[in-house]
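Engineer: Listed below are the residues making up each chain.
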Amino acid sequence: NKFGYERIAMECSASFARIVGFLPDRIDDLKTAVSEACLNAMEHGNKSHPDTRVVVNMQYRDNVFSITVKDHGDGIQKLPDYIENPDINKKIENLQTPRGLGLFLIKQLVDQVEFNKMTDEGHMVRMVLKLTG
Amino acid sequence: NKFGYERIAMECSASFARIVGFLPDRIDDLKTAVSEACLNAMEHGNKSHPDTRVVVNMQYRDNVFSITVKDHGDGIQKLPDYIENPDINKKIENLQTPRGLGLFLIKQLVDQVEFNKMTDEGHMVRMVLKLTG
Amino acid sequence: MSQKTEISLEKQGDIMVFDIQKDVTALSDAIFSKAYQDADNQGTKKILLKFYEDAYINSGGIAILIQLLAKTRKNNQSICIVGLSEHFKKIFNMVGITKFAKIYTTMDDAMDDLAG
Amino acid sequence: MSQKTEISLEKQGDIMVFDIQKDVTALSDAIFSKAYQDADNQGTKKILLKFYEDAYINSGGIAILIQLLAKTRKNNQSICIVGLSEHFKKIFNMVGITKFAKIYTTMDDAMDDLAG
Ligand SMILES: Nc1ncnc2c1ncn2[C@@H]1O[C@H](COP(=O)(O)OP(=O)(O)O)[C@@H](O)[C@H]1O
Ligand SMILES: Nc1ncnc2c1ncn2[C@@H]1O[C@H](COP(=O)(O)OP(=O)(O)O)[C@@H](O)[C@H]1O
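Protein chains in written order, with the numbering used here: chain G, 1054 to 1186; chain H, 1054 to 1186; chain V, 143 to 258; chain F, 143 to 258.
It is worth saying that the hints were derived from the structure and are not from the lab.
Quick caveat, the model's predicted, so the values are computed rather than measured.
Errors might be hidden in some of the hints.
Stated by the list, open to error - Ranges between beta-carbon positions, derived for each pair:
id, chain 1, residue 1, chain 2, residue 2, range
1, V, 150, F, 151, 33 to 41 angstroms
2, G, 1112, H, 1150, 30 to 38 angstroms
3, G, 1096, V, 254, 35 to 43 angstroms
4, G, 1165, F, 215, 53 to 61 angstroms
5, H, 1172, F, 163, 33 to 41 angstroms
6, F, 182, H, 1170, 31 to 39 angstroms
7, F, 180, H, 1096, 42 to 50 angstroms
8, G, 1101, H, 1170, 27 to 35 angstroms
9, F, 180, V, 163, 47 to 55 angstroms
10, V, 251, F, 154, 48 to 56 angstroms
For every residue, glycine included, the Cβ atom is placed at its ideal position computed from N, Cα and C.
Chain G on its own, in the form it takes in the complex:
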């Protein structure tokens, strides 16, 4: 964690996506999504405990790149509206926390995302990007 596990996951997923043929702009989308998912896994899932692990898995098959990020937490609880619908005007007026943009960005940047998949090892987020063209 102290070495920026999100960076490692980001760079790995970028190498993977580059090799299978994604274009640079999609790779940038992937990098941001992966980094946000890992940061959430470390911060909210594993609550920054030093001996917890975040496990990232990547797979590519039939033009579909999928990446899962697992943490040891209980998953994402019901979210307040400011997370589902962040509003920049309210954030600027200090009527809404400026945080809470990670999930929003993930949803915007990947083709498909599933949160709250529970496994034996804990909570998992699965993100999918499709290689087109």
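Chains H, V and F with the ligands: place on chain G using the hints.
Structural biologist: Just chains H, V and F with the ligands now, with coordinates in the frame of chain G:
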């Protein structure tokens, strides 16, 4: 596999090692070792079956970077002498196959390697590089 | 390894340029607050945030930027952004930052806007 | 993605330069055989293998190179290597290739050796 899984593993491990602070020459050692281990896992372990998987795991802790490469095979059988002790003179004279340098290189390049670790999922090779200085 | 944000302030005419190097994350809070404080103490009314193509900015960093925009708005300062990669232009747009700070591709265009 | 080896032959005086681009792996077998055949057909006695810093060479590729060295040795051709990164110099050394082909850092040094 067709996309050169060994490249992906190579690049991922390189990103990982770079971020935790390995120097470029050690990263090159790691890349070659990882690529040889993955090629073996695909070719000998999974016997190039298209629906088999090679799973690579990386971990860094206390200045020790370790990486495991798992395949679905039965492990490495007793090896002939030309693998244990490759001899370039014999190879040039065609008295020994020119192949069989992968395990040799892995052993030379990493600080520690264990072959034939069997797990529920099959055979595993574990390689370790230490961050020094 | 996480690379600590570096901000240097450069006065160009009546415009204060925040030259922002390295990562912008949740950890950049203190350095942004201090830079803004310094600029504000000098009576700055025009701010240009200068980023670099290879910047790494995450949602925690964006939150810090939103807080900065909130301050400039409260204090009637104008603010522009320059140097972002296409990716981060898109992200800033998605989040709505572009409603409060225009994004330019070249320094000249940004300076012109602030000057005009 | 695996990048297919590209070899172009360039005659420089009585030296045949194999300009080797992209990856050298087990898949490079046919292209190396053909390049050698072409060079040999032209009566080449001196061969220079020119690699690039960013080459990816794995143990399967090294096996192909060993086979090439075996042929040059049988046919009394001299052979040198140039352009390898420090990493692959080390690897070629470990494997013992350097016993059969000297490795140089500059083209000039390699050409001098072959000429001398
Ligand atoms: N992996 C996770 N495990 C548990 N809760 C999570 C996880 N990821 C996100 N959350 C919850 O969703 C909220 C919104 O996350 P996000 O949009 O990334 O914003 P932020 O991390 O800035 O709060 C978090 O505050 C947290 O409550
Ligand atoms: N993952 C593996 N599973 C089963 N056998 C293996 C594995 N890796 C290596 N081997 C055995 O070890 C031998 C030597 O491997 P290596 O030195 O990499 O050379 P090569 O792959 O060129 O034969 C292989 O031919 C194979 O029999």
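Engineer: Would you mind marking each hint as holding or not holding in the structure?
Structural biologist: How the hints compare with the structure:
1. Restraint check, residue 150 (chain V) to residue 151 (chain F): a C-beta distance of roughly 54 angstroms breaks the suggested window 33 to 41 angstroms.
2. Between residue 1112 (chain G) and residue 1150 (chain H), the C-beta spacing of about 34 angstroms keeps the proposed range 30 to 38 angstroms intact.
3. Between residue 1096 (chain G) and residue 254 (chain V) the beta carbons are some 41 angstroms apart, a value that agrees with the proposed interval 35 to 43 angstroms.
4. Roughly 58 angstroms separates the CB atoms of residue 1165 (chain G) and residue 215 (chain F), a value that falls within the hinted 53 to 61 angstroms.
5. Distance hint for residue 1172 (chain H) and residue 163 (chain F): a CB-CB separation of about 40 angstroms, consistent with the stated range 33 to 41 angstroms.
6. About 47 angstroms separates the C-beta atoms of residue 182 (chain F) and residue 1170 (chain H), a value inconsistent with the hinted range of 31 to 39 angstroms.
7. Between residue 180 (chain F) and residue 1096 (chain H), the C-beta spacing of about 30 angstroms breaks the proposed range 42 to 50 angstroms.
8. For the pair residue 1101 (chain G) and residue 1170 (chain H), the beta carbons lie near 32 angstroms from each other, so the given range of 27 to 35 angstroms is met.
9. With their beta carbons about 53 angstroms apart, residue 180 (chain F) and residue 163 (chain V) fall inside the hinted range of 47 to 55 angstroms.
10. The beta-carbon spacing between residue 251 (chain V) and residue 154 (chain F), approximately 52 angstroms, falls within the hinted interval of 48 to 56 angstroms.
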